[in-house]
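Q: Use these hints to put chain B onto chain A, whose structure you have.
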Amino acid sequence: MGEGLKVYGFSISPFTRKVLMTLNLKGIKYDYVEEDLNNKSSDLVRYNPVHKATPVLLHKGNPLPESLIIVEYIDETWTDKPLMPVDPYDRAMARFWANFIDTKLVPSIKVAVLKECEEHEHEKKIEEANQWVKTIEDVLGNKKFFGGEKIGYLDIAAIWLVGWVPPMQEAAGWQLINKEKYPNLSAWTEEMLSHVTVKENLPHRDPLYAYYVWRLSGFKPELTPK
Amino acid sequence: MAKGDVKLLGTWASPFALRVKIALKLKSVDYEYLEENLRGGKSELLIKSNPVHKKIPVLLHGDRPVCESLVIVQYIDEVWTYGQSILPSDPYDRAIARFWAAYVEDKVWLSMRAFMTANDEDARVEAVAKFKEVSVLLEDAFVKSSKGKPFFGGDEIGYVDIAFGAFAGWFKVIEKALNVELFDEATTPNLLAWVVAFLAHPAIEDIIPSTDKLLEFATNVVLPSIKAVAPASQ
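First to last, the sequence lines map onto chains A and B.
For the first sequence, the numbering used here gives the first residue as -17, with consecutive numbering after it.
For the second sequence, the numbering used here gives the first residue as 9, with consecutive numbering after it.
So that you can see chain A by itself, here it is in the shape it has in the complex (with noise of 0.2 Å):
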């Protein structure tokens, strides 16, 4: 058991995802306790009182919330198969790229694909989405993963591409990110499912789904997990 590590996190979400499969691809034991995001346990509220929000890490009674601060700190502190680059540029540049994108990327597939927009802006919100996933196929290049050989930081602050927009394309009808258009990123997604730890920690389609169905018939969750 890794030292009193815990995991508190909501599974279905991609930011709780990155932190277990850091974990996992590490080697590394701990606990883990599902949240209700409806009914949050004290233990949460007390661990991170400021956002109140999953995942947050509680190692050796030290709490932890954020999920890529939580994966550069496991890195940091588990140092055996390192996943942030060694040179201080390329640190950046993952750094910058997994900040791109969760502010830029991600929401913009989102209000695409889920179409989150009014009708007569659609066709722009495409073409925004369209211009940041270019972006990424081409930081990706024909490298096997973000990290190289190897799985590294960039690609677990990127598994939202790999678990979450197949089954929302699926209940969009309709594929954003394809194959005859990013033919990088399609093949990394592939690289990515055939890597068992990465396959055995993402959440499973039918729930997303059925989610993303709920999503696209208008209807918003009071709650976002994050």
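Since the hints were derived computationally from the structure, they do not count as laboratory data.
Source: prediction; values computed, not measured.
It is possible that some hints are incorrect.
So the derived list for chain B, only partly shown, Cβ under 8 Å to chain A, looks like this [said to hold, decoys possible]:
#1 V60
#2 D71
#3 R72
#4 V74
#5 C75
#6 Q82
#7 E86
#8 V87
#9 Y90
#10 P96
#11 Y100
#12 R106
#13 F107
#14 A110
Taking lysine-lysine and the DSSO-like style, the derived pairs with C-alpha atoms no more than 27 Å apart in a straight line are [stated by the list, open to error]:
#15 A:K106 to B:K62
#16 A:K34 to B:K115
#17 B:K50 to B:K33
#18 A:K22 to A:K42
#19 B:K152 to A:K86
#20 A:K107 to B:K56
#21 B:K115 to A:K92
#22 A:K86 to B:K50
#23 A:K86 to B:K63
#24 A:K34 to B:K140
#25 B:K138 to A:K86
#26 B:K152 to A:K42
#27 A:K125 to B:K56
Quick reminder that beta carbons are idealized off the backbone N, C-alpha and C, glycines included.
A: Below, chain B without anything else, positioned relative to chain A:
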């Protein structure tokens, strides 16, 4: 390791560019500063170096661009490893510092914009209240991480000091222009002292723009441009 040419694209009033200037100063790095004239349209160099966001600051190290102020500050800390560390050496303390810097990024700039767009007394009062929610949490973070010393980083300026302190000049502008108190003895006594210590620090006092100059800029440039454009994310 060859350090090469270092250039910084920034604007003189930007707290984000100031973060980078502080980090470079702390590490005694020589660099060429390029003032970006945003009203004259973005320079070719800026667009080429930061095609995704087209924003300053951009650090050019041997012609390789690094973007996003907090990414740049971490980069500087990891390249120039002599002397004082900007981030804590302990992984947990380092993670907590990253957490609070991210919190500042999320909350502080937005709450400052709320001041700029406050058209009446009610809006001003609300802006103060919102800022207080944020500053009270940062007060608590300060107490925990400073461990009785003058800065978030302890004896010396660290990552959160830079992330949050870069707004200190703008705090003074808001206080002067709107006649409000952003920090007070009752709720944020430590931050009240911290702002003074931060602004007096040798690495800061020479490079932070004067309150008067910032106030003039806010009055003549920032406020009119906020009124001219519909509210949008920056």
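Q: Now tell me, hint by hint, if it's right for this structure.
A: Quick rundown of the hints versus the structure:
no.	hint	in the structure
1	V60	holds, 6 Å
2	D71	violated, 11 Å
3	R72	holds, 6 Å
4	V74	holds, 5 Å
5	C75	holds, 6 Å
6	Q82	holds, 7 Å
7	E86	holds, 4 Å
8	V87	holds, 5 Å
9	Y90	violated, 14 Å
10	P96	violated, 11 Å
11	Y100	holds, 5 Å
12	R106	holds, 5 Å
13	F107	holds, 6 Å
14	A110	holds, 6 Å
15	A:K106 to B:K62	holds, 20 Å
16	A:K34 to B:K115	holds, 16 Å
17	B:K50 to B:K33	holds, 26 Å
18	A:K22 to A:K42	holds, 22 Å
19	B:K152 to A:K86	violated, 33 Å
20	A:K107 to B:K56	holds, 24 Å
21	B:K115 to A:K92	holds, 24 Å
22	A:K86 to B:K50	holds, 21 Å
23	A:K86 to B:K63	holds, 14 Å
24	A:K34 to B:K140	holds, 19 Å
25	B:K138 to A:K86	holds, 26 Å
26	B:K152 to A:K42	holds, 17 Å
27	A:K125 to B:K56	holds, 23 Å
Comparing the model with each earlier hint shows violations of hints 2, 9, 10 and 19; every other hint is respected.
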